[in-house]
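J.: Below are the chains, spelled out letter by letter.
There are 2 protein chains.
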Amino acid sequence: MSLIVPVILCGGSGTRLWPLSRPARPKPFLPLIGEATLFEAALARVSDPALFAAPLVVTGAGLFELVESQAPGGHVIVEPAARNTAPAIALAAQRLPPDTVMLVCPSDHHIADIPAWLAAVVRARTLAEKGFLVAFGIAPTRPETGYGYIERGAPEGEGYRIARFIEKPPLADAEAYLSSGGFSWNGGIFMFRAGNFLEELARYRPEMAKAVADPAGFEAIAGESIDYAVMEQTSRAAMVEADMGWSDIGNWQSLRDARAAEADAQGNVVRGAADLIDCRKVMVQSDGPRVSVVGLEDVIVVVDGGEVLVTSAAGAANVGKLKGAKGE
Amino acid sequence: MSLIVPVILCGGSGTRLWPLSRPARPKPFLPLIGEATLFEAALARVSDPALFAAPLVVTGAGLFELVESQAPGGHVIVEPAARNTAPAIALAAQRLPPDTVMLVCPSDHHIADIPAWLAAVVRARTLAEKGFLVAFGIAPTRPETGYGYIERGAPEGEGYRIARFIEKPPLADAEAYLSSGGFSWNGGIFMFRAGNFLEELARYRPEMAKAVADPAGFEAIAGESIDYAVMEQTSRAAMVEADMGWSDIGNWQSLRDARAAEADAQGNVVRGAADLIDCRKVMVQSDGPRVSVVGLEDVIVVVDGGEVLVTSAAGAANVGKLKGAKGE
Numbered sequence: 058m059s060l061i062v063p064v065i066l067c068g069g070s071g072t073r074l075w076p077l078s079r080p081a082r083p084k085p086f087l088p089l090i091g092e093a094t095l096f097e098a099a100l101a102r103v104s105d106p107a108l109f110a111a112p113l114v115v116t117g118a119g120l121f122e123l124v125e126s127q128a129p130g131g132h133v134i135v136e137p138a139a140r141n142t143a144p145a146i147a148l149a150a151q152r153l154p155p156d157t158v159m160l161v162c163p164s165d166h167h168i169a170d171i172p173a174w175l176a177a178v179v180r181a182r183t184l185a186e187k188g189f190l191v192a193f194g195i196a197p198t199r200p201e202t203g204y205g206y207i208e209r210g211a212p213e214g215e216g217y218r219i220a221r222f223i224e225k226p227p228l229a230d231a232e233a234y235l236s237s238g239g240f241s242w243n244g245g246i247f248m249f250r251a252g253n254f255l256e257e258l259a260r261y262r263p264e265m266a267k268a269v270a271d272p273a274g275f276e277a278i279a280g281e282s283i284d285y286a287v288m289e290q291t292s293r294a295a296m297v298e299a300d301m302g303w304s305d306i307g308n309w310q311s312l313r314d315a316r317a318a319e320a321d322a323q324g325n326v327v328r329g330a331a332d333l334i335d336c337r338k339v340m341v342q343s344d345g346p347r348v349s350v351v352g353l354e355d356v357i358v359v360v361d362g363g364e365v366l367v368t369s370a371a372g373a374a375n376v377g378k379l380k381g382a383k384g385e
Numbered sequence: 058m059s060l061i062v063p064v065i066l067c068g069g070s071g072t073r074l075w076p077l078s079r080p081a082r083p084k085p086f087l088p089l090i091g092e093a094t095l096f097e098a099a100l101a102r103v104s105d106p107a108l109f110a111a112p113l114v115v116t117g118a119g120l121f122e123l124v125e126s127q128a129p130g131g132h133v134i135v136e137p138a139a140r141n142t143a144p145a146i147a148l149a150a151q152r153l154p155p156d157t158v159m160l161v162c163p164s165d166h167h168i169a170d171i172p173a174w175l176a177a178v179v180r181a182r183t184l185a186e187k188g189f190l191v192a193f194g195i196a197p198t199r200p201e202t203g204y205g206y207i208e209r210g211a212p213e214g215e216g217y218r219i220a221r222f223i224e225k226p227p228l229a230d231a232e233a234y235l236s237s238g239g240f241s242w243n244g245g246i247f248m249f250r251a252g253n254f255l256e257e258l259a260r261y262r263p264e265m266a267k268a269v270a271d272p273a274g275f276e277a278i279a280g281e282s283i284d285y286a287v288m289e290q291t292s293r294a295a296m297v298e299a300d301m302g303w304s305d306i307g308n309w310q311s312l313r314d315a316r317a318a319e320a321d322a323q324g325n326v327v328r329g330a331a332d333l334i335d336c337r338k339v340m341v342q343s344d345g346p347r348v349s350v351v352g353l354e355d356v357i358v359v360v361d362g363g364e365v366l367v368t369s370a371a372g373a374a375n376v377g378k379l380k381g382a383k384g385e
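Top to bottom, those sequences are chains S and D.
Heads up: the first sequence at position 87 corresponds to 144 in this note's numbering, and the numbers run straight through without jumps.
Heads up: the second sequence at position 113 corresponds to 170 in this note's numbering, and the numbers run straight through without jumps.
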C-alpha cells in the first residue's frame with residue numbers, strides 16, 4: 058500500500074486568541090499546548106514513515122519564513138493569494154500523481170489522542186482508496202454552535218456515507234444532534250486521492266479547477282471552502298468517525314480546556330508569573346508582568362505585548378470584537 | 058463660639074488597594090475619588106473659616122514630605138513613632154488650650170455628602186462643649202463585618218449617649234444591627250475638648266498619658282486606638298448620627314462603589330485605557346497598558362507599576378493576602 062501524502066494547510070489568521078496571536082505571529086506558530094507549536098504538532102502527527110510520505114505545506118507568502126523555521130527542509134507550496142481551502146488543496150493535488158492518497162489537515166488544531174487519530178487515518182484510507190472523498194467526523198462533546206456538523210449516513214466499508222452537511226446550527230439543533238448520536242463535528246480534516254478531488258472539483262467548480270493551474274488565474278478565484286465547493290456537492294462523500302480529543306483551539310476558553318494536563322487541583326492553568334487566591338478554572342498567561350487574581354472562576358487573563366485581556370470563559374468567543382484584536 | 062481645630066490623622070499604610078497604594082505612595086495621597094487625593098479632600102472638608110481653625114496634621118516622618126506637598130504651610134506634627142490613634146491624638150491635644158474643641162478625622166476616608174457632614178459637625182460641637190467625647194455614628198448601608206459598631210443609647214442634646222461599642226461582628230449580628238436601626242458604624246471620627254480627652258486618657262491610660270509628653274517615652278508606648286483606650290472606657294461618651302455617604306475606601310470594591318459618579322450606564326468605571334464588551338459593574342484602572350475586558354460582572358482590574366490585579370468585587374477584601382501586596 059502506498060504512503061499517504063499529508064497536506065498541511067497553513068493559512069488564515071484569526072483574532073480570537075488576541076493578544077497572543079497577531080498577524081505577524083499567527084496561531085499555528087505558537088506553543089499553545091505543551092512545548093511544540095500547533096504547526097509542529099501537526100507535522101509530528103504525520104511523521105510515521107511507515108504510513109506517511111513527506112508532507113506538503115500550503116501557505117501564504119507572508120508565512121513562508123515562519124513555516125521554513127519550524128519545518129526546515131519541508132516541501133512548501135506558496136499560494137499566490139489566500140482563497141480559502143478548496144483552491145489551496147487543488148494546488149497540492151495537481152502536483153501529485155492522481156492515485157496518491159492525500160490527507161488534508163489544518164495546522165492550528167490540537168489532537169490529544171494520537172493512537173485514535175492514526176486509527177482514523179487508517180480507516181479513512183480504505184475508503185479513499187475506493188474513490189471516496191472522506192471527511193473526519195469528530196465525536197462532539199458539547200452542543201457547539203460554532204462548528205459545522207456531519208450527519209452519518211449508511212455504513213460504507215470502515216466508515217459511513219455522509220447523509221448531509223449542516224452549517225453552524227442554532228443551539229436547539231446542536232443539542233438535538235448531540236443527543237441523537239448520529240452527528241459529528243466537521244473538523245476540516247479530509248482524505249481522498251488527488252485525482253478524485255480534482256475530478257469532483259472540475260465537475261462542481263469547473264472555473265476554479267481551471268484557474269488554479271496558473272498564478273494569474275488563481276488570484277481571480279472567488280475563495281471557497283472545500284466543504285462548499287466539493288464535499289457538499291459530491292456523491293462520493295464518506296466519513297470516518299474520530300474520537301481523538303480534538304480541539305480547534307478556537308478561542309481562549311477552548312485553549313484553557315485543551316491545557317487540562319497543565320491544570321492544578323482547582324483547574325487553574327498558569328503560564329508565566331501569577332499569584333492566585335480562591336480561584337477555580339482560571340487561566341493566566343503572561344509574557345512578563347505578574348498577574349494576581351482573587352476570587353474568580355472561569356476567567357482568563359492574558360498579558361502579552363503590553364496588552365491586558367480579561368475575559369470570562371463564555372465571553373472568549375467575543376474576543377475578536379475587541380479593538381485590540383481588530384488592530385485599533 | 059470658638060473655632061473647631063481639625064486634627065487630621067495621616068498615618069498607617071494598608072495593602073488592600075495594592076498595587077495602587079504602596080509604602081512610598083499610601084492611600085491618603087492618591088486621587089481615588091475625583092481629582093483630589095483623599096488627604097486633600099479631608100482638608101477641604103474642614104476649610105470653612107467660619108467653623109474651623111487651621112488644621113493640625115499628625116503624621117509619621119516617612120510621610121512628612123507627601124503631607125507638605127499636598128498641604129503646603131499647614132501645621133504638621135510628626136509622631137516619633139507610629140503608635141495607633143490614641144497617642145497620636147494626645148500629641149495634638151497637648152498642644153492645644155484645654156477648652157479647644159478638636160475634630161479628629163482620618164485622612165483616607167471619603168464623604169460624599171458635605172452638607173450632611175457639616176451638619177453632623179455642628180451637632181457634635183454642642184455635645185463636645187458640654188464635655189462629652191463624641192463619636193460620629195455612620196448610618197450603616199449593609200451588614201458589614203469589617204467595621205466596629207456603636208449602639209445608640211439615651212437621647213442627649215443633639216445626639217445620644219453611647220450604649221456600647223461593638224467590635225467587628227459576625228454576619229448574623231451585623232444583619233441584626235442593620236435591621237434594628239439602633240446601630241451605627243464607628244467611622245473613626247471624633248470630637249471633644251482637648252482637655253476632656255487628656256483627662257480621660259489620664260484616667261484610663263495613665264502611663265500613656267505621661268509617655269506622650271516626651272519623645273523617648275512615646276516610642277515605648279504600646280500602641281492603642283482611641284476606641285479601646287478612651288471611648289470604650291469613658292462615661293462621657295456620646296454620639297451624633299451622620300448619614301453622609303461615608304466610605305473608608307477599605308478595598309477595591311468600596312472604591313468602585315464610591316466612584317458611582319464616574320460609572321457608565323452599565324455601572325462600569327474606567328480610569329485609563331480600556332475596552333469593555335458585555336461588562337457590568339466592572340472597574341478598570343490602568344497606568345498605561347490597555348485593558349480589554351469581555352463578559353464579566355463585578356470584577357476589578359488594576360494595572361499599575363508593572364503589576365496586574367484581577368479580583369472579584371467580593372474577593373477585594375483578600376487583596377492584602379497577595380504576595381505583591383505583602384512586598385514579596
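Think of the hints as simulated: they come from the structure by calculation, not from any bench.
It is possible that part of the hints are untrue.
Examples of chain S residues toward chain D, derived with CB under 8 Å [as the list claims (entries may be wrong)]:
hint, residue
1, Gly352
2, Val365
3, Thr368
Some residues of chain D that are not near chain S, with every Cβ distance over 12 Å (derived) [claimed, not checked]:
hint, residue
4, His132
5, Leu153
6, Arg180
7, Gly372
A quick note: this is a predicted structure, and the numbers were derived from the prediction, not measured.
Just so you know, even glycine gets a beta-carbon here, dropped at the ideal spot from N, CA and C.
J.: Now, for every hint given, state plainly whether the structure supports it.
T.: How the hints compare with the structure:
1. A cut of 8 Å between beta carbons decides the hint on Gly352 (chain S): the least distance to chain D is about 2 Å, and the hint holds.
2. Among the interface hints, the one on Val365 (chain S) holds; its C-beta lies about 5 Å from the nearest C-beta in chain D, closer than the 8 Å criterion.
3. The beta carbon of Thr368 (chain S) comes within 4 Å of a beta carbon in chain D, closer than 8 Å, and the hint placing it at the interface holds.
4. The beta carbon of His132 (chain D) is kept farther than 12 Å from every beta carbon of chain S, the shortest such distance being approximately 39 Å.
5. Residue-level check passed: Leu153 (chain D) sits 44 Å from the nearest beta carbon of chain S, beyond 12 Å.
6. No beta-carbon of chain S is positioned within 12 Å of the beta-carbon of Arg180 (chain D); the least distance is around 40 Å.
7. Not every Cβ of chain S is farther than 12 Å from the Cβ of Gly372 (chain D); the closest lies at roughly 2 Å, contradicting the non-interface assignment.
Checked against the numbered hints given earlier, this structure breaks only hint 7.
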